Amino acid sequence: MLEVSGLSKSFGGFRAVSDVSLTVDTRQIAAVIGPNGAGKSTLFNLITGHLRPDGGTVRLDGRDITGAPPYRICRMGIGRSFQRTNIFSQLTVFENVQAAFLVHHGRGRNFWLRADSLYREETAALLASIGLAAQEETVAGTLSYGNQKQLELGLALASSPAVLLLDEPTAGMSATETHETIRLLERIAAERALTLLFTEHDMEVVFSIAQKIAVLHQGHIIAEGRPEEVRADPEVRRVYLGHGLTHTQ
Amino acid sequence: MSSSFLFSQFMGGLTTAMFLFLIASGLSLVFGVMRIINFAHGSFYMVGAYLAWQAVQWVHPTGGGFWLAVVIAAVGVGLLGALTERLFFRSLYGREELYQLLFTYALVLILGDAAKFVWGTDQLSVSAPPALAGSVQIFGTTQPLYTLFIIAIGPAIAFALWLLLNRTGAGRMLRAAQMDREMLDALGANVGTIYTLMFAVSAFLAGLSGALVTPIESIVPGMDVLIIVQAFIVVVIGGMGSLWGTFWGSVIYGQVLSFGILIFPGFSLFSVFALMAVILIVRPWGLFGRPL
Amino acid sequence: MTVAASTPMLRRHALAATALRDRILSGGVPWTLVIFLLMATVPWLGSRYDTFLASQITIDALFAVSLNLLLGTTGLVSFGHVAYFGVGAYVCGILMKTYGVPFSLAFPASGLGAALFALVSGYFCVRLIKLYFAMLTLAFSQIIWAIAYKWNAVTGGDQGLPEIPYPHLDWMSSIPGCADLSIGARFYLLTLVLVAVSLAIVHHIIRSPFGRVLTTIRDNPERAAFLGINVRLYQLASFVIAGGFAGLAGALYGIFSRGVFADYVFWSKSAEILIMTILGGAGYFWGPPVGAAALVWLNQVITDYTQYWSFVLGAILLVLLFGFPGGIVGGLDMLWQRLKRLRNA
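Chains as they are written, first to last, in the numbering used here: chain A, 333 to 581; chain B, 107 to 398; chain C, 57 to 401.
By construction, these hints were calculated from the structure, which means they are not laboratory data.
Small disclaimer: the values here were computed from a predicted structure and weren't measured.
Incomplete in silico selection of chain B near chain C, CB under 10 Å:
no., residue
1, 204
2, 208
3, 209
4, 211
5, 217
6, 220
7, 328
8, 331
9, 334
10, 336
11, 338
12, 339
13, 375
14, 390
For each residue, glycine too, the CB sits at the ideal point set by N, CA and C.
Chain A on its own, in the form it takes in the complex:
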């Protein structure tokens, strides 16, 4: 489904991502983990076209999408959430998701219809499924942090992506919120037959839902495989010593 091979990116001599190869199969839930500064966000930005790689390719269903601009990559079926929450803060929750539907259905160039009246049912249904139905008239910027993350997921889902990339989906959440978010992600991935690739610092979350884990360290992938394989890997244990992995076994 998603196939990254030999991807590299340097910033002024610093190799943020170095010869990274990674495959995520259709409907697989995969995680990229690694210490801070390992290159996780850079890797995501390379895949989604926010950064242009120095070398290597990104393929989606066999199609080369390397270096295409973000809006094209989104249209090809990759959705993403961002580490810093990324919503339209002055629009209401409803208007946020409605806008995503408008664009997805190619109505963005329409000058003559009323935006308010379009895709109301789809929007309401999606908001209900991500648990934001009660807040639909709230201005998005005033939502709680957890709700903003939910909304961001809603924006990504409105484009009906085949692959969803989530950058630290539970960052800054309380234990309860984290738990709810993970259940939500699992349910939605199953309902929509999504392929999921996410980064996460919380090892409990990673090992509870990931079917495949890649460990990134100083820009390199040092281990890749099923959770139990990765957990047993001596190199991973060395890198992660004192970083929580050993505690959560």
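With chain A's structure known, arrange chains B and C on it following the hints.
Chains B and C in isolation, oriented as in the chain A frame:
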């Protein structure tokens, strides 16, 4: 077309270039650290010119004291810059760029009218210092000494700025800030002073060039916006935030303006705009800049 | 640098705006129509001078609304919007005076000409580096000014194009009550109708799916791109539309003031319109027209006391920046919300 004519055009272009460099370097410096385009930079230049004229009137009404006037104007505008940063800009750092941009725009409006109020709308002029009032013959052309002085001072200032940025502690901090703004916060305590200092240096350069231009061009209302648009074009050509980009951008601007007369007689500004358009298509981040 | 839009200055409190809309619509009073009709009575009830002021307010309102399509809806700050106003004024003036083209053709042509120039200059302004937008808009407007000033053969240079003819408005005599109106008053009525139609179109565009996309770009261009939006293309489209309507305003202004001169295109006019927009309230559709009325009125009052109008504009901008980012309509809206809370409490 004689070679002496070409040489004349070349020297004229170089003079324009060095003035523009003095102005654009300050604009580029503030941008590099604060990511702010200071629309009022041209107003500082204008105030520098008026201050120099005023100082000449005070010091020596018959037309002496040019150098003292230049120092007074440059230091005066530098202080004005520092004061602006301390009084107003400081409270805008936490807020969005739109506010900062609009604030510098408000300064343009206010300073423009303030200058009219204080100095009137008549054209004013200052004569060149006696030591540089003469001229010399080069390649069969007559070159005023003052022009040669300006052509020399451009590289001198460029070198001084380079030293300041590369060989002093404050300069290293500024460059660190250009690379990564958050780094400055990490360095902690002196950030406020660094910003004030940098704003003052930037305004000082604007005031200096404003004072130095007075023997060549007359001082009139509106010179602020005229110059800021040219400085914008220079940084677009050279690359925003790059010292050498600004230097070579100015040199190219000066020469294209000077020789553009041969292509568009009477409207040589056209050739500069055409150049800017081409550069924006081919290298949108400027000749020496980096993609942002 | 992004000229970020999530500022109180541009903030549309979505709830407040809905409330405002509901108040206007469900109150049973069609305020927009009432204001239009009131404005239309000026030639009969007011003096010639009142008609003059009303004309100016009406034209500036369209100009400011076109700027606000960029500022308030798309989140782009243009410092050179007068360029498109100027292109419109010159196209209309040259067509009508030099070539004798009727107004019914020259007027749309001026909008098209301005939109075309906006397409060319906008291509550079929205390209790759966002921070260039502010600089380049100013630079392009100064190019237009330099052309207007130097191209004697076409623009009349520093003499400008005086005595642009009025359109033929004899047909208005057949409308009851209009027979005695002067040509200036008739042109004002025509202006009022054309501006009203233009405002209705802009209003509709803002509420269309296209307009919604523009607001997402204003709020968060990076996120908008990852909805699948080609952000620069939409910014350019918005720039072209805004330029076109500014051109229409320019065409009306040239005829209204009986000539087109290079001064119209000078950068300070851009400043005036920008401040008008923020003064009224960039977060609201009716902000710019309110700002236009306020500033035109203020200009009349103040020029009796001082010639330093730019200074006044700069001072107003400072006060707005540091004290009242929501502008007049924003302030009224806040006051209304507070009163409502008091009544409910």
